[in-house]
Amino acid sequence: MTQPMTLADTPAQARPANEALASSGKSSRVRKEALMEIRRVSKRFDEVLAVDDVNLTIRRGEIFALLGGSGSGKSTLLRILAGFEKPSEGQILLEGQDISRTPPYERAINMMFQSYALFPHMTVAENIAFGLKQDKLSKAEIRERVAEMLKLVHMEGFAKRKPHQLSGGQRQRVALARSLAKRPSLLLLDEPMGALDKKLRTEMQLEVVEILERVGVTCIMVTHDQEEAMTMADRVAIMSDGWIVQVGSPMDVYESPANRMVAEFVGTVNLFAGEIVVDEADHCIIDSPELGRRIRIDHGISTPADERGVWVAVRPEKTLLSRERPEGDFNWTAGTVEDIAYLGGLSVYFVRTEQGHLVKVSLANTTRRSERPSWGDAVYIHWDERSAVVLRD
Amino acid sequence: MPALTSQRLRRWLKPRRGWVIAVPLLWLTLFFLLPFGIVLKISLSEAAIAIPPYSSMVDFGAETLSLVVTFGNYLFLMSDSLYVSAYWGSLKIAFVSTLACLLIGYPMAYAMARAPAHWQLVLLLLVMLPSWTSFLIRVYAWMGILSNNGLINNTLLWLGLIDSPIRMMNTNFAVILGIVYAYLPFMVLPLYANLTRLDGSLLEAASDLGSRSVNTFLRVTLPLSKGGIIAGSMLVFIPAVGEYVIPELLGGPDTLMIGKVLWEEFFNNRDWPVASALAMVMLALLLIPIALFHRYQSRELKE
Amino acid sequence: MRKPSFTTVMLILGLLFLYLPMLILVIYSFNASRLVTVWAGFSGHWYIELFRDQQILDAVWSSLRIAFFSASMAVCLGTLAAFVMVRFGRFRGKTALSSMITAPLVMPEVITGLSLLLLFVHMAQLIGWPADRGMVTIWIAHTTFCSAYVAVVVSSRLREVDLSLEEAAMDLGAPPVKTFFQITLPVISPALAAGWLLAFTLSLDDLVIASFVSGPGATTLPMVVFSSVRLGVSPKINALATLIILAVSLATFLAWYFMRRSEAKRRQAMQLAMQEA
Chain A
2 MTQPMTLADT
12 PAQARPANEA
22 LASSGKSSRV
32 RKEALMEIRR
42 VSKRFDEVLA
52 VDDVNLTIRR
62 GEIFALLGGS
72 GSGKSTLLRI
82 LAGFEKPSEG
92 QILLEGQDIS
102 RTPPYERAIN
112 MMFQSYALFP
122 HMTVAENIAF
132 GLKQDKLSKA
142 EIRERVAEML
152 KLVHMEGFAK
162 RKPHQLSGGQ
172 RQRVALARSL
182 AKRPSLLLLD
192 EPMGALDKKL
202 RTEMQLEVVE
212 ILERVGVTCI
222 MVTHDQEEAM
232 TMADRVAIMS
242 DGWIVQVGSP
252 MDVYESPANR
262 MVAEFVGTVN
272 LFAGEIVVDE
282 ADHCIIDSPE
292 LGRRIRIDHG
302 ISTPADERGV
312 WVAVRPEKTL
322 LSRERPEGDF
332 NWTAGTVEDI
342 AYLGGLSVYF
352 VRTEQGHLVK
362 VSLANTTRRS
372 ERPSWGDAVY
382 IHWDERSAVV
392 LRD
Chain B
180 MPALTSQRLR
190 RWLKPRRGWV
200 IAVPLLWLTL
210 FFLLPFGIVL
220 KISLSEAAIA
230 IPPYSSMVDF
240 GAETLSLVVT
250 FGNYLFLMSD
260 SLYVSAYWGS
270 LKIAFVSTLA
280 CLLIGYPMAY
290 AMARAPAHWQ
300 LVLLLLVMLP
310 SWTSFLIRVY
320 AWMGILSNNG
330 LINNTLLWLG
340 LIDSPIRMMN
350 TNFAVILGIV
360 YAYLPFMVLP
370 LYANLTRLDG
380 SLLEAASDLG
390 SRSVNTFLRV
400 TLPLSKGGII
410 AGSMLVFIPA
420 VGEYVIPELL
430 GGPDTLMIGK
440 VLWEEFFNNR
450 DWPVASALAM
460 VMLALLLIPI
470 ALFHRYQSRE
480 LKE
Chain C
-14 MRKPSFTTVM
-4 LILGLLFLYL
6 PMLILVIYSF
16 NASRLVTVWA
26 GFSGHWYIEL
36 FRDQQILDAV
46 WSSLRIAFFS
56 ASMAVCLGTL
66 AAFVMVRFGR
76 FRGKTALSSM
86 ITAPLVMPEV
96 ITGLSLLLLF
106 VHMAQLIGWP
116 ADRGMVTIWI
126 AHTTFCSAYV
136 AVVVSSRLRE
146 VDLSLEEAAM
156 DLGAPPVKTF
166 FQITLPVISP
176 ALAAGWLLAF
186 TLSLDDLVIA
196 SFVSGPGATT
206 LPMVVFSSVR
216 LGVSPKINAL
226 ATLIILAVSL
236 ATFLAWYFMR
246 RSEAKRRQAM
256 QLAMQEA
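Protein chains in written order, with the numbering used here: chain A, 2 to 394; chain B, 180 to 482; chain C, -14 to 262.
I should point out that these hints are in silico values taken from the structure, not numbers from a laboratory.
Just so you know, even glycine gets a beta-carbon here, dropped at the ideal spot from N, CA and C.
Certain hints may be false.
[As the list claims (entries may be wrong)] Dumping the calculated DMTMM-like pairs for lysine to aspartate or glutamate here, alpha-carbon to alpha-carbon at most 25 Å: (1) 405/B / 145/C; (2) 200/A / 145/C; (3) 405/B / 383/B; (4) -12/C / 387/B; (5) 361/A / 299/A; (6) 199/A / 147/C; (7) 79/C / 152/C.
[To be verified] Listed next, with one range per pair, are the computed distances between beta-carbon atoms: (8) 391/B / -2/C: 22 to 30 Å; (9) 240/C / 335/B: 52 to 60 Å; (10) 251/B / 80/C: 46 to 54 Å.
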């Protein structure tokens, strides 16, 4: 294993400009102080490492997303934080206290389950009151808090209903209210939109964020849906094979992926294998037989001499399409349009290059119908020297 | 402070978990497993005219501890053809009854699983209801039907189809009929449970791929319901081997079944060691079927 | 009209096979004649006889008591066993426990009965208890084999219950024991009721095991019925059989009716919620 710690805590390339952009409103409440620290946590099931030496710092007030495919260990990590699994190694500190061995019912952490796990034999109000009753709050206090929570999630008229008398979206609101009722210092969301259909999902994403903002609770969510993570979270951690590959703002992970895996997992990307031939302070040049041409990038990457082989990644929306041959000797190739996927807002062109590679180019459909390249047309693809990112495996 | 509470709590909980496991485990060990050990022990001791009617294995005679183990009871079982043929008869009758149950029960379960959803519960209740009434009374019902002056013979005589009553009571046929009647619900239940889980689209896929219905049944349905067939068959076969009530009420003098022999050995001859040996041998014979059933059952429970 | 399939015909024939003998029992319970096989006019005479038979009434009472206590204890033990099997992950003795839960389902009754009797005799010799065999020993025997049935019924329900319900309760601050009583038990309560009823009927019905482990003091209903039936057909037993069949049918019908009603209500509520949304 290399050191995931450096990978996880320092984004490959710090870009202050991105930070400023990312903090548009929702991260204004995020303070720099740490609420939770996860230190070298590992979890082994029968000698299979589900979570592998994870280090993370969660800041007070932020919405943090663990993003990864199935089997990436994100759910196990969440269950460790909730207390349902004990870490095989490592420590979890919540407000400076080690809670690694604290049972779930003694943690100031609450969770909203993927299936919502609403108690079927209790009404909405009883569900919300359940956690408060465990804390032995007075009846009046419980009543007041339940009313407050129902108001928060706009479910005032449903207090007496049973869970099976609610629609999917309403169940989610109740589940959220129940997990917020105890005013936890940390809220965990397990695939919060997993049980909803697509249309409701986008609607609820914004509503849930709005509620979380209003309460001001720190939140860790687990999701396999990158769009969901990007929409809801202030910071995202990409998990794969039990460890954290990259942590950063949604823009960081999209625009400056730490490696090839992240680039491919978050959004789509065109990759070209190549070898570094020039590496100066202000630019570098990569020889890519796959492109049939050299690639020029606007900054140096100071790689050791024995690691010359790299990947160059260009996002489809930053890959440009033209009928005329681009100027210069870098960053372009010729090909023919093999397929076009019309997606409404944008179209994706699949261009087969002369070297036999399939490159994706997306074009925004800004006009209704216009003169565009069509199937079988000979085209050129090219990109700006600021658009490409150099990656390793 | 929280760390301290949690530590105390864990210490308090750990043995708790153990206790929760221990209660059912101890009860079943004491009242289910241990008794078999005692049966084994008594089967190895000699009969005696005493209370209880067997000699103790361990004796403190003349200041020496003597351990008397005798395999005489087992040798006795081997040598007497009565016992051997009783075992053989039990296995034969249980096998034939199980087969008959399967042949009747499978189509029933299949029809139930294919019935409209709102009918399925009603049909299931209808099949199971008899088993919730009295077993004894259901066997008894056949006595009035099968006997020489019973319903069937009376009807046939009245219709003039026969001149003298056919002997049906006190035959092996009556015993098999009784077992099939009593145990049929236990065959249908696991088969039905298995067949409802069978994905209908598998059958559609098979016919879509050009398979005819008989072929689909043999190649898809039957192999997939193997678990249900095994469970149902074991639920009938194993208890049927040791059945006492049915051969006692419906069987005749030539019906030799081991459950009945054991009962008589125990209650009439008061020969506890021989009865114990009979039970042990029966258990040994049934060990493989029981293991088979257990394997299926635990797989079922894991799903 | 469509020709009914072979399996449908078999189902109908199978149900006739199951119900005709019981129907005949019921019909002949109203026969005036002592000869069960000859119809001699309608009469409720045998029911009056039945209710005058003190031995049968006593046996009914002891059987009901034994069945009640056996079923109740079996539900406790069986639920505990099912919970341990389904929710406790791996532990030492799990294979032993699972074997001891499934084996009683098929174990021939003569073996169970004999082995339990020998255990009680041994215990009496060793520790002086149970001094007399009777209600208590039958109760222990019935509890043991009934709890296996309860465990099977409850564990199959428990497996369907979303584990996150219990996790949610703990997450909200309820310790394990509290979670078990406040969440798990209420959620599986229909299975507990089903298990109790099954155990109750099994205990009521058992002849062989009770015959082995009972003593002079305790005679259960099946024992009385058996000793009478052994001597041949008796119309009084037909009357008793009719009452048993009637009681079971009524209970089954009620169970079915309430299940159907609550299911319909549930579906309606769900539809309503969907329409609102």
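Results of checking the hints against the structure:
1. A distance of roughly 23 Å separates the Cα atoms of residue 405/B and residue 145/C; the hinted pair therefore holds under the 25 Å criterion.
2. With a C-alpha separation of about 29 Å, the suggested pair residue 200/A and residue 145/C falls outside the 25 Å cut-off, and the hint is violated.
3. Under the criterion of a C-alpha separation no larger than 25 Å, the hint pairing residue 405/B with residue 383/B is consistent with the structure, at around 20 Å.
4. Annotation: proposed proximity of residue -12/C to residue 387/B holds, straight-line Cα distance about 23 Å (limit 25 Å).
5. Of the supplied pair hints, the one linking residue 361/A and residue 299/A holds, its CA atoms being roughly 22 Å apart against a limit of 25 Å.
6. Restraint check for residue 199/A and residue 147/C: satisfied, since their Cα atoms lie roughly 24 Å apart, inside the 25 Å limit.
7. Restraint check: the Cα-Cα separation between residue 79/C and residue 152/C comes to about 23 Å, which is no more than 25 Å; the hinted pair holds.
8. For residue 391/B and residue -2/C, the Cβ-Cβ distance of about 25 Å falls inside the hinted range of 22 to 30 Å, so the restraint holds.
9. Under the hint 52 to 60 Å, the C-beta atoms of residue 240/C and residue 335/B, about 40 Å apart, miss the expected range.
10. The given range of 46 to 54 Å is broken by residue 251/B and residue 80/C, whose C-beta atoms sit roughly 35 Å from each other.
Of the hints listed earlier, those the structure fails to meet are numbers 2, 9, 10, in rising order.
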